[in-house]
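Just so you know, the protein sequences line up as chains A and B, in that order. Residue numbering for the first sequence follows this note's numbering, starting at 1 and increasing by one per position. Residue numbering for the second sequence follows this note's numbering, starting at 1001 and increasing by one per position.
Keep in mind that the hints are not guaranteed to be accurate.
So, partial list: chain A residues that the calculated Cβ filter (under 7 Å) puts toward chain B [to be verified]:
(1) 75
(2) 122
(3) 125
(4) 186
(5) 208
In silico DSBU-like links for lysine-lysine, alpha-carbon gap of 35 Å or less [unchecked claim]:
(6) B:1060 to A:177
(7) B:1159 to A:101
(8) A:177 to B:1159
(9) B:1029 to B:1369
(10) B:1159 to B:1024
Treat the hints as calculated values from the structure; they're not laboratory data. The beta carbon of each residue, even a glycine, is placed where N, CA and C say it ideally should be.
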Amino acid sequence: MHIEQTDFYTQAILSMAALVGLTSFLMLGQSRLLRLIFVFALQGFLLTITTVLAGYSLDSHHLYISAALTLLLKVIFIPWMLRREVMHMNAQRSIQALKNKTMVMLGGASLMVFSYYILHPIVPTTSPVMLNALAVSLSVVLLGMLLMISHRQAVAHVVGFMSIENGLFFAAIVATKGMPMVVELGVAFDVLVAAVLFGIFFLHIRTSIDSLDVDLLNRLNEVDK
Amino acid sequence: MIAAYLVLFIPFVGIIFFAIVGHKTDMGKINVWLNGICLLASIWLAINVLNQGTILSPNKAFLIDPFNVYLIALTAFVGLTTSIFSSSYMAHEKELGKLTDNRLKLYYSMYQGFMLAMYMVLTTNNMGIMWVAMEGATLATVLLVSLYRTPESIEAAWKYFILCGVGIAQALFGTILLYYAAVQIGDGENALLWSVLYENATQLNPEILQIAFVFLLVGYGTKIGLVPLHNWLPDAHSEGPTPMSAVLSGLLLNDALYAVVRNKMLVDGATHNNMAGYLMMGFGLLSFLVGALFLHRQKDIKRLFSYSSIEHMGMMTFAFGVGGPMATFAALLHMTVHSLTKSAIFVTVGHAAQITGTQSMDKIRGLIKTQPRVGWGLLIGTLAIAGFPPFGVFTSEFLVLLATMHSYPWLAPFLLLGIGIAFAGLFRHVQPMVYGDKPEDQNPVKANLWPVIIHLGLVLWLGLAIPEFLANWFSQATLLISGSTPL
Chain A
1 MHIEQTDFYT QAILSMAALV GLTSFLMLGQ SRLLRLIFVF ALQGFLLTIT TVLAGYSLDS
61 HHLYISAALT LLLKVIFIPW MLRREVMHMN AQRSIQALKN KTMVMLGGAS LMVFSYYILH
121 PIVPTTSPVM LNALAVSLSV VLLGMLLMIS HRQAVAHVVG FMSIENGLFF AAIVATKGMP
181 MVVELGVAFD VLVAAVLFGI FFLHIRTSID SLDVDLLNRL NEVDK
Chain B
1001 MIAAYLVLFI PFVGIIFFAI VGHKTDMGKI NVWLNGICLL ASIWLAINVL NQGTILSPNK
1061 AFLIDPFNVY LIALTAFVGL TTSIFSSSYM AHEKELGKLT DNRLKLYYSM YQGFMLAMYM
1121 VLTTNNMGIM WVAMEGATLA TVLLVSLYRT PESIEAAWKY FILCGVGIAQ ALFGTILLYY
1181 AAVQIGDGEN ALLWSVLYEN ATQLNPEILQ IAFVFLLVGY GTKIGLVPLH NWLPDAHSEG
1241 PTPMSAVLSG LLLNDALYAV VRNKMLVDGA THNNMAGYLM MGFGLLSFLV GALFLHRQKD
1301 IKRLFSYSSI EHMGMMTFAF GVGGPMATFA ALLHMTVHSL TKSAIFVTVG HAAQITGTQS
1361 MDKIRGLIKT QPRVGWGLLI GTLAIAGFPP FGVFTSEFLV LLATMHSYPW LAPFLLLGIG
1421 IAFAGLFRHV QPMVYGDKPE DQNPVKANLW PVIIHLGLVL WLGLAIPEFL ANWFSQATLL
1481 ISGSTPL
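Assemble the whole structure, with the sequences as input and the hints as a guide.
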């Protein structure tokens, strides 16, 4: 099936999937914290648009509530909190060198291929559009994990963590028209509490190691020193 | 049904109550009372289920069947005894000046929050809500792990938060895939309800369910502490306050395993091959062996017993993976006796650490001479957890071995080897701690050892003879999980 034969909604969803995937790669290659947070907010915004689009096309009005929640949490509250933290740490100009940017990007690309490979068995039972949507959301999840592994700053870890949530939300909206409302509200509540806890932890980590570089958190391990 | 609502409502009230006045003296006792009422309510609930069979609440939000009702009762019981322990323990920590009023408020409030999340995981009929509650349990305990605000505890809490948060995100992806499979055959809003899913299990798309199960196992497996996702567990156990280690080991790990087993039941119904079982056997056996080996190189007493938890959770996961009535029965029994024994051990470990003022095993010596009851408690607890007859752990491990020899004989030597290594690892460390002469600067602490006595008594009883109502209970749960009864 060619893309121009599908209806407007499907085409729009596919484009959104491509853009969301792209923002994940942008985050992965980003070494400045403020720009990283900006791209994260952008991803949240794309997610909001997707949700509104799905809510409108599929006529499921509870998605508008999810869209509003996403906008408030992922586009406004969490980026604002992270930005304030970076400003406070005076880390906005610090460029943290990724140890091996090329390898990280190549790793990201392989993860995306890998997601398509894992989800390929669902093709006989569903449409190729679903495959794209699910595979992109899985790769957003995996790229979020790679972001957390490759970056050293606690702020980057939080961005990775939240971007994993973005990937999950994208899957939930596109593949299943959103989860049941009670679950969505529960998940949003968890994300909110997690964001607040992250804020508290920044404070503790800062007072304890005087930096937000989590490489310095290395007291507990099984290796004899 | 009222009993189930009561079990959920009491901890909810508790959170708010302690958040306001949790710092006052005697709050530890009120915590005990709240947990006591919960235990009564859960026993009432259990009696209802035994008489009427599975209960589904009118709005389909809660499902209580023989499998989860015994875990609810166990959760309430361990919650109660640990709160008895934490009452005197926390008072002593406050005397030492390790805690401020605000942190005490936080502690009691989050203790109830954790209990609420646990009850929610067990009672809910909606697998999405189950995920939310499981994440809620992480959030409630993260702040408790960092309660002392030392650099180590903050590091442990951060690790716990990140690893479990990312891990459990995988479980949400699995849940979404499962929901995707379920909406293809049925109605949207109800498609995530266990009661609906079980009825339609055979129609679900097996391909999607297999993929979903991998994500669910990895996700909830992080919480069970399966190797190689176990890194957070020893850190969180060793740096958090000891009552928290007791409930994490005794309750949280069990509930995460419960989530995996529920999903396995569903996937088995759809796929008709043992894919889920093989995965669980592999992860379980690996965790079991790695946990046993790591026991040998520990220096911190709480880390020692947290590796022992990894080892035992590995064995349970393995046993559920083997499947079949006998292995399932053994795994259910093992869940119970491990919870009881491990929380009893953490109580004695907490007191031992308070007596000596350190968690380093090199410095804890001669407990039997300093405070005989703590020393004996630790020694007998270790005997029980190492699987000595006549304790209940022996019975369940023996049954797991029997079932393994019957279904997968070539795996039985690995189990025996692991049990042997674990036994050596535990005794090598515990023996010098309990025997020997009393060092100079060690003073007895005010300890309430009733929880230990009751727990170990129960484990002994379960080893000598399983009471008929409990056997009946386990059989019904086994019937539910594996499709036939063991007896």
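Checked hints:
no. : hint             : result
1   : 75               : 20 Å, violated
2   : 122              : 5 Å, holds
3   : 125              : 5 Å, holds
4   : 186              : 3 Å, holds
5   : 208              : 4 Å, holds
6   : B:1060 to A:177  : 22 Å, holds
7   : B:1159 to A:101  : 25 Å, holds
8   : A:177 to B:1159  : 34 Å, holds
9   : B:1029 to B:1369 : 30 Å, holds
10  : B:1159 to B:1024 : 32 Å, holds
Checked against the numbered hints given earlier, the structure breaks only hint 1 and satisfies all the rest.
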